[in-house]
Amino acid sequence: MEVFSVLTPGGYTTIQDEGRFGYQQMGIPVSGALDAFAFHCANLLVSNTKNTAVMEITVMGPRLEIMAAADLAVAGAGIGMTLNAQPVETWTSFSVKPGDILDIQQVQSGCRAYLAVNGGIDVPEVMGSRSTYVGGNIGGYHGRLLKAGDVINCGRGKRLSGRRKMPSDMIPAYPPELLIRAIPGPQDDFFQEGLEVIFQSDFMVSTKADRMGYRLQGPEVRLHKGMPKSIISEPTMPGGVQIPADEQPIILFVEQTVGGYTKIVTVISVDLSKVAQATPGDTIRFERVSLETAHKLYQEQQKKMQRLETKLSDA
Amino acid sequence: MQADLFEKARFRTAGDRGLLVEYGDVIDPDVNNKVRSMAIVMEDNPPQGVTEIIPTYRSLLIIYDPAITHPAELQNMLATLEARLGEIKIPPPRTVEIPVCYGGDFGPDIDTVAGQNNLTVAEVIKLHCEPQYLIYMVGFTPGFPFLGGLSEKLHTPRLETPRTLVPEGSVGIANNQTGIYPIASPGGWQLIGRTPVKLFAPARRNPFLYQAGDRIKFKAISAEKYARLVKEEAQ
Numbered sequence: 001m002e003v004f005s006v007l008t009p010g011g012y013t014t015i016q017d018e019g020r021f022g023y024q025q026m027g028i029p030v031s032g033a034l035d036a037f038a039f040h041c042a043n044l045l046v047s048n049t050k051n052t053a054v055m056e057i058t059v060m061g062p063r064l065e066i067m068a069a070a071d072l073a074v075a076g077a078g079i080g081m082t083l084n085a086q087p088v089e090t091w092t093s094f095s096v097k098p099g100d101i102l103d104i105q106q107v108q109s110g111c112r113a114y115l116a117v118n119g120g121i122d123v124p125e126v127m128g129s130r131s132t133y134v135g136g137n138i139g140g141y142h143g144r145l146l147k148a149g150d151v152i153n154c155g156r157g158k159r160l161s162g163r164r165k166m167p168s169d170m171i172p173a174y175p176p177e178l179l180i181r182a183i184p185g186p187q188d189d190f191f192q193e194g195l196e197v198i199f200q201s202d203f204m205v206s207t208k209a210d211r212m213g214y215r216l217q218g219p220e221v222r223l224h225k226g227m228p229k230s231i232i233s234e235p236t237m238p239g240g241v242q243i244p245a246d247e248q249p250i251i252l253f254v255e256q257t258v259g260g261y262t263k264i265v266t267v268i269s270v271d272l273s274k275v276a277q278a279t280p281g282d283t284i285r286f287e288r289v290s291l292e293t294a295h296k297l298y299q300e301q302q303k304k305m306q307r308l309e310t311k312l313s314d315a
Numbered sequence: 316m317q318a319d320l321f322e323k324a325r326f327r328t329a330g331d332r333g334l335l336v337e338y339g340d341v342i343d344p345d346v347n348n349k350v351r352s353m354a355i356v357m358e359d360n361p362p363q364g365v366t367e368i369i370p371t372y373r374s375l376l377i378i379y380d381p382a383i384t385h386p387a388e389l390q391n392m393l394a395t396l397e398a399r400l401g402e403i404k405i406p407p408p409r410t411v412e413i414p415v416c417y418g419g420d421f422g423p424d425i426d427t428v429a430g431q432n433n434l435t436v437a438e439v440i441k442l443h444c445e446p447q448y449l450i451y452m453v454g455f456t457p458g459f460p461f462l463g464g465l466s467e468k469l470h471t472p473r474l475e476t477p478r479t480l481v482p483e484g485s486v487g488i489a490n491n492q493t494g495i496y497p498i499a500s501p502g503g504w505q506l507i508g509r510t511p512v513k514l515f516a517p518a519r520r521n522p523f524l525y526q527a528g529d530r531i532k533f534k535a536i537s538a539e540k541y542a543r544l545v546k547e548e549a550q
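Taken in sequence, the protein lines are chains P and L. Counting from 1, position 70 in the first sequence corresponds to residue 70 in my numbering; the numbering is continuous, with no gaps. Counting from 1, position 153 in the second sequence corresponds to residue 468 in my numbering; the numbering is continuous, with no gaps.
Source of the hints: derived by calculation from the structure; they are not laboratory data. For each residue, glycine too, the CB sits at the ideal point set by N, CA and C. A hint or two may mislead.
[As the list claims (entries may be wrong)] Below, simulated DMTMM-like cross-link-like pairs (lysine to aspartate or glutamate); rule was C-alpha separation at most 20 Å, straight line:
hint	chain 1	residue 1	chain 2	residue 2
1	P	Lys229	L	Asp340
2	P	Lys303	L	Asp380
3	P	Lys304	L	Glu483
4	P	Lys296	L	Glu388
5	P	Lys304	P	Glu18
6	L	Lys323	P	Asp189
7	P	Lys50	L	Asp380
8	L	Lys534	L	Glu483
9	P	Lys229	L	Glu337
10	P	Lys208	P	Asp189
11	P	Lys296	L	Asp340
[Unchecked claim] In silico negatives: residues of chain P with every beta carbon more than 12 Å from chain L:
hint	residue
12	Ala85
13	Gly143
14	Gly155
15	Lys158
16	Ala173
17	Val197
18	Asp210
19	Gly218
20	Pro219
21	Leu223
22	Glu247
23	Thr283
24	Leu308
Input sequences plus hints: build the corresponding full structure.
Printed below as a string of structure tokens:
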């Protein structure tokens, strides 16, 4: 069923789901929604199952003509939005009908927002996922960013009986100064004073920040004297903080599979959503946590999502 | 005994969902074979909570769900599997033949490779087609094979300025490595030829023709044969 006609595509708009798993050993990155938390919330707000494809909006939103009656919700970055020139709220479901014009404007806080439609965005699954991997030209809408004139389909979903609204105390704030928790490793033994530098300095997000990685600017993070400058290429994890030859850290993201630079620390899973909402000019400070703490936080986050699911489905 | 293999696997923490397992710290066929064997054994006995296993040159990355398992559990499981490795039959690697049309527009750097190594173009082609190359790892772009076993007579440094766009199917050399670009991408390798075979076809039932641990053998073909194979691929 046709649901959106793209009038203007916005800054960098793609179709994403949870990601494409099982093919990293073939050089296919996971891709998927960068802010997993906001992505899940957007789907919950329109009563979709967890792994349903949405539109990932970056910095500047699209202008869409609605082609079918549906329930929509936008979660993530603070972003101005109007339906037929009337303001609508994010983190809240709303209904639309054919002919409506949804205008999603520029982000005011954060970086990425997720537009979910009940029934989910319907694009063909490629290797088990609907996520767009632009670099490999696969998945999503013809493997590319959306552009004006594209017509997007959605699946058949059950319409909401009432409005769903995210509890306000669960909506994250996206401050320009971020405290990001990280675990040393996998190559923390290549560093000594570098570890002190990474945990005790402020780093600025540079303009080179995309779905592959975030390049940071700050004091040099030096390898310990005599340690090799590169390692034999190995797989990378989203959140791995790589130190390349210029000694400026890069937080790796979801469109990378292998690399030959050392990773001094790795951002914990629950904080990846925070990084995904950082924009150039923001400051990041890393806080050291243990693996046990990270696992505990991971499990708490899962419980929180389950509670949220129960709470929202009452609506 | 294989001196390059670690006596015991070494573990590294790759965040709260990744366990990196190293079997050596060199690029070596024995080490890579160990990685491949462990990856196969684990895929045949999938441990609970493991979502992905990624083999590379000398290490395996195991991605797990911390709500289901823990690295300590995975380390025990790996030790058990490793102890049983001798009794488990690992399927032999496959050899995949890749036809390549060398030189001309398909291999604009073949003269550089020949010139720098005091060879004729015919000798470059012959030397490049001889070995059965080991696929140490696949990555960088979908299906890009990192191959070991290039003749020393062909070692050539990367281009000083990488190309912004290397055409799909290009076969290249970078120092002691050779490889194929499955999709058009930027790249700095010296291009010596091109294959008409689609190495990555997402819509095909099996999108890939090989995996890490398999072998690749290049076969020189004429421009006519190249054109014919391109037509066949399109069908």
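**Message:** Hints numbered earlier in the text: which of these fail when held up against the supplied structure?
**Reply:** 3, 10, 11 and 13
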